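Chemist: Just need the whole structure built from these sequences, with the hints factored in.
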Amino acid sequence: MIRFLVTRLLSLCVSLIAASVVIFCVIEVIPGDPAAFMLGLNANPDTVAALREDLGLTGDALSRYFSWTTGMLTGDFGTSYTYRVPVSELVSDRLLVSLPLAVYALILSTALALPVGMIAAMRRGTLTDVGIMGTTQLGIAVPNFWFAMLLVLLFAVSLRLFSAGGFPGWDAGFLAGLKALTLPAVSLAFPQASILARITRSALLETLNQDYIRTARAKGLTERQTIVGHALRNALIPVMTIIGLQFAFLLAGAVIIENVFFLPGLGRLIFQGITQRDLVVVESVVMLLVFAVVMVNFLVDVAYAAIDPRLRIRT
Amino acid sequence: MHKIPRTLAVAGLAALASLGTAEAAKTTITIGMQLEPPNLDPTGGAAAAIDEVVYANIFEGLTRFSADGSIRPALAESWDISGDGTVYTFRLRDGVTFHDGTTCDAEDVKFSLDRARAEDSTNAQKALFAGIADVSVIDPLTVQVTLQNPDGAFTTKMAWGDAVIVAPETIGQAATHPVGTGPFRFTNWVKGDRVEIDRNPDYWGEPVALESATFKFISDPTAAFSAMMAGDIDAFPGYPAQETLAQFEADPRFVVIIGSTEGETILSTNNKADLLSDVRVRKAIAHAIDRQAIIDGAMFGFGTPIGTHFAPHNPDYLDLTGLSAHDPDLSRQLLAEAGHGDGLTLRLMLPPPSYARRGGEIVAAQLREVGIETEISNLEWAQWLEQVFRNKDYDLTIVSHTEPSDINIYARPEYYFQYDNPEFQSLMADYAITADPGMRTALAHQLQTIIAEDYVNGYLFQLARTGVADAGINGLWKNAPTQANDLTGVHWSD
Amino acid sequence: MKPTPSLITGAILTVFFLSLAGVSYLWTPFPVEQLDIGRKLQPPGSLFWLGTDHFGRDTASMLMVGARTSIGVAILAVGIGIGIGVPLGLAAAANHGSLFDEVIMRGNDLVFAFPALVIAILITAVFGPSAVNAILAIGIFNIPVFARISRGGALSLWTLDYVLAARVAGKRSFRISVEHILPNIANLLLVQGTIQFSLGILAEAGLSYVGLGAQPPTPSWGRMLADAQTMIYMAPRLAVFPGLAIVLMVLGLNLLGDGLRDHLDPRIRRLRQ
Amino acid sequence: MTRVPETKSPAPSPRSTFPPFRASAGLLLEVAGLNLAISGTPILSNVALRIHAGKIIGVVGESGSGKTLTALTVMGLLPPGAATTGSVRMDGQDLLALDEPAMCRIRGNRIGMIFQEPMTALNPVRTIGDQVAETLLIHGMANRGEAVRIARQRLDRVGLPEPEFPLDRYPHQLSGGQRQRVCIALAIALRPQLLIADEPTTALDVSTQAQILDLLLSLVADDGMSLMLITHDLAVVASLADDIAVMRNGRVVDGAPANSLFARDGHPYTRQLLAASQHRPLRASPATEVPATSGDKTEVDIGGVPAERDHRGGDRIAGRRDAATLLRVTGAVRDYALARKGLFRKPPVRRAVDGVSFSLDAGESLGLVGESGCGKSTLARAILGLEPLQAGAITLQGTPVTAVPAVRPSLRRNMQVVFQDPYGSFNPRHRVLRLVSEPFFLNETPLSASDIRERVAESLVSVGLAPDAMEKYIHEFSGGQRQRIAIARALVLRPRLMVLDEAVSSLDVSIRAQILDLLAELQGQHDLAYLFISHDLTVIRAVTDRVIVMKTGRIVEAGETESVLESPTHPYTRHLIQSAPKIPAHWLQETGHGPPPQ
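Just so you know, the protein sequences line up as chains R, F, D and H, in that order.
In terms of our numbering, the first sequence opens at residue 1 and continues consecutively.
In terms of our numbering, the second sequence opens at residue 316 and continues consecutively.
In terms of our numbering, the third sequence opens at residue 810 and continues consecutively.
In terms of our numbering, the fourth sequence opens at residue 1083 and continues consecutively.
Accuracy of the hints is not assured; some may be wrong.
Claimed, not checked - Using 27 Å as the maximum straight-line C-alpha spacing, the simulated DSS-like pairs for lysine-lysine come out as follows:
#	chain 1	residue 1	chain 2	residue 2
1	R	K179	F	K587
2	F	K441	F	K425
3	F	K587	F	K707
4	H	K1633	D	K811
5	F	K506	F	K707
6	F	K506	F	K341
7	H	K1633	D	K980
8	F	K506	R	K179
Keep in mind that the hints were calculated from the coordinates and are not lab data.
Keep in mind the model is a prediction, meaning the values are calculated, not measured.
Modeler: This is the structure:
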């Protein structure tokens, strides 16, 4: 088991280093100079040069790369060009929005998808199965930003149940914060729940075809006992992979939803960072997201080992 | 001078509105803004959003703009000018303190002006202070400023947001914790969401009506509309979604404030580009454009057509729209004369704001009518600044110049539309130094006529300032002589 | 083998949109470039079947030409995915366990680790927003999908006897991959192709919604949605029609993918007989 | 932690003596007039079986005869869309009429069942103790503590004692035989009156098979449990069952007490089965004719080639021409690297082939026998140049065979292969023409299309298939026909050596007999050398001149097939021969169906 984790950790570090190199190179080639952007149209060249010096934009690429990476290891992501505050502070503010949103959406999606997927699998071929599969097909096909628009139109503007967006901050009370995240979470969760439901159904069906299910039935277990006792746990393995992938997507992929609901999340921070050429912010946040995704995959592997003894105990 | 276009110029990406706070207490207000300021130091950045939060609220200069654009005294109680107009002696108000309690006196004024004009200064409008030769402190309440040569607009320049008076002790962290002399104090800034200010108890002037105020940042037009409709925002001075104004006009809860800005929206033409160096081609472009169609299509009817680079609300404005009336046949004839009978292709670069993106599509269609094909490429501001503004690698672009009275940019040959007319440059030099109003008006008319007849650019329309506010609010500025949300006069009626 | 209902509906929807795009090359009710501010925001009627937008352009024509953009971008992105991903996957499977295989797999994980949309935004920021850059941005994220699918499929085939027999007949791994492995994973690729195609449509809509997809004057569904967003209260139909088009197109492709998977999968086929 | 070795139970005593005749105990379960159709297609028709308490009934039949579905009908575990008529009466109750909850109370409690594939029959993520105890808990026969105690007892009873097999072990830590023992334990946890065993030992090695069959026997004897044993192997049934039922195409065609089934002239199909299982093709001597009855599910030759083959004289054994040595293997060693233990230490190595040497002459037929995992397939792949050797050398007609970098085409033309799995040996997307002509890739000068068609047609005819078969796809042929096509493919280049890796193992008895005849005939015609790899002694005895017995990578014994099998010298060979179930010789003598006169 330990050796399994050590090798996973090793490959994790390798991919992180590779990721940092790729990100740094992409950022280097972006046209547009942050200093010029900040000083506006008629700033004369020497002021722009002074600001570039001040922001540490000069110096060769390699030394900047190492200072950035070593800084990151110690948690210092450098200071944002436009906000002139440590990037880590900016990121932690935004993380307070993106992380709860991702977890909220994931809980909604999983809580909805697993039971629905199981019911569809157990009642394979019946009308309920066809119905569920139909709605999940629709769920996958709906672009989440369009769904968000419709939600705002219905709940915020006409019914006035929810605010049209924005985020009051957690200090305004946990419930207030949650309420603000509800519509965005629902618009993120619906397509993800559809995907997860379909995968749960096919994973369960695949498991139900296995021999040990027949052995269990031969022992006298009813269909329900067999599913709960034997099928579920085995079907959980592929389902968990998808949940891991979805969480990673929710953390980083909510850029558009954050736009529609104007939430101060990581996605929009990157977006603003790119438009304002606040490149140190973009570099650090993208690196953070890649780190989150890689960690989530690692946790999924650990969970695998916990569930599947074949990985845990080497024969 | 030109700044990044003001808030009212941008349709752009999503911003932030706070959740509806409890039934809006009558002594507080939530102002909607489209762009979040990168930082809160007006002397350190060019972004219009900085001034829209701090100007007249947190920071004050020697003089300041009033609602109608005129200049009136602020920290300088009064001043007198020497005979040759080069020495200004400002008498400061007594008993003025910064928010941190330290007194504000001549030393602070000298520090602020010297810092702005210093060699390594990062002040975006360094040119404002270029004319200053020396700043000397006569006594704690008197400052004498000597100019290299007379400047009729010096007191106006001192009213700019970039010329506010700061203290040496607190300028260090002004970017995130601004300390000024204004009627409001900075309390909190939740990055990406809002800035909160509250009333300064020991303000030197008469106290303001509001207890506190919050600036919410929402750049997405639909989000802005939803926030206003849902009551999350009390007033949105630079409201971006002009197409929804009709609904606010029809709703008794709201009042729509239409004013004008200093933003001349033009089809900038690269006069040095080989196709466009021929005046007949530029004239043909000017005549191909139907200004009213662009105003209706892109700005939904808000905006006044202009024939030259001057703000219509300015008394010296000359209506020259006749010179470039919409006349497609004339355009085709001119193009034929210029040897482009079978048409030509030009590159049209568009910055992010919706006036540019939507206006660009309409202009492209109108030019296509007369045989001019355009390749549209939409750029981010950073790319636009580098490719169009600095490297002049473009044919046509659409941008709104929002600085007050900035016709002097036509006197600078290295400016991005590369117009070099010695006659205009000498006239401009005279205009700059004449103080007498009659003479200035005549000169202004001549200047406007020259650039109109030279068809330097396609002059489209003056950007309107479309604001929406709760019916119960009054004291908001109608026009925007400078980038500001001056809350000093704002109060709830009931 | 009787085709299933999902296969039929999927095929009908997909063919409908493909023909829509095809026809748009020859004829559209109104020319799409022509703006006429005078007739803006007309409700659907006899003249303008689906009404006009804020520039007075006919929504129906915009949808037809928009279909061409969306389908074009999505198909080319899938093409990139298959063109580069499949050979990589086959090669990785051919020398399974070698360093090359390891590098391919690590590379795949790395690309999967990147947040797709953010990278797409970065790419378009670097090279400027355009349909070609959208194709590149979406295509890049198709490569690991197809590499992984084809490697998985090929690995299971390499252990089969007929591949050993081909080796006994003196064929080397490249020829075996082309003659024996590729034809037998073709079904797999076809099904995954339709799924990635539908994801491509959604990605293109997302990109052009934030203004990074195809640029004006070429119409695209995503940008129609973005433009309609501000007028959603005055003319909701402007937002509804492009949204519906996206949903139906993606639904059609997914149903087609599911139908093909059941139709072609021998295991299911045997069950059905 | 290496896999726990097989437990050593006392050497199995061959059932030489006939079991003492049991008092005719009461009738436990009777299947009468049973018809089964699954979504319309008829599967079973008028099946009748009588299972007596404490006795063993063997149900034998070829694949597709419906024997498994009969068992599943008794257990009530039929797939959806199944419709049954008739009755399955047990203790006065008709099981078919019971509703699902009632049937659940019977399954595992009064009737237990074990299945063919032990490797996948247990839930991989739950411990073996847990899965055995579950049977008790489900039926409420014991609380948690008691269930675990009884589970421990049952595991001991099936030969998985405490120290080596704690309750918290997982299925993947056990071998195939041990897992089948766990399945038996969980099936008999509640001492059911009847245990149904569906091909319990087909997937196991010969020696493991013997241990499992003995375990089942002792369970029946000690606990008085009845056993319904389903298999396709006549010898297994003969050595175990009290009564035997023979099924074919969903019907019970023959049923009788074991000792009399073969004595009297029963159903011709039974006799045919017996003959096929004992079949020994007369190498270069007339093969016994196998009547091809119409409508028979078994092999019908496509294209009207007459089933009978012409008889040719010539005695195989005596007049072997002393041809030059075709294949010589000296000191072959093949290692596989296992998972790396430490990060930097060299990975441990498993030696699959350990210093094997032998030679094979042209036209000779050499058998390679041994249990799975003894390295016989690895050796075969090394000979074919598909895998490199770590040491030693292989030469074909004098030129060395080296897998790395690649075997020269000229050398490859002389050796071809036939694999075991008829369904995996062909690319489903190619026509037979392209499949059979694939070896032509080795020719220096590519043949013209017409030449290829001609050679392929000739090759198909020589294996008893019609030339127009080349236009068809492989899924249009049965298992036996596919093996014929595989042989045609191997034959098309006129190789000197043909390697047959378990070529007939997955074929039904009667079809296997025809293929063995075909191979014998082809060897005669084309002076082919065969390297015949199999785990089945009866096949080896039937086809090979000399045999090599392998165990864990080494040759333990080699020599003339008859002498090795009649009087084995090495104890392992003796163990192999004894473990293989055999139909008692005296049964065969009485019926006059003994091995045909030499």
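Chemist: Confirm or reject each hint.
Modeler: Cross-check of the supplied hints:
In summary, the hint linking K179(R) to K587(F) is not supported, as the alpha carbons are separated by about 57 Å, beyond the 27 Å threshold. A hinted pair counts as satisfied when its Cα atoms are at most 27 Å apart, and K441(F) with K425(F) qualifies at roughly 15 Å. For a cut-off of 27 Å, the pair hint linking K587(F) to K707(F) stands: about 9 Å separates their Cα positions. Only pairs whose Cα atoms come within 27 Å are accepted, and K1633(H) paired with K811(D) is rejected, the gap being roughly 52 Å.
Proximity of K506(F) to K707(F) is assessed by CA-CA distance (about 35 Å); at most 27 Å being required, the pair is judged violated. Pair hint K506(F) plus K341(F) holds up; C-alpha atoms about 26 Å apart against a cutoff of 27 Å. Between K1633(H) and K980(D) the CA atoms are separated by roughly 33 Å; this puts the pair beyond 27 Å, and the hint is violated. Between the alpha carbons of K506(F) and K179(R) the distance comes to roughly 20 Å, so the proposed pair stays at or under 27 Å and holds.
In this structure, the hints that do not hold are numbers 1, 4, 5, 7, in rising order.
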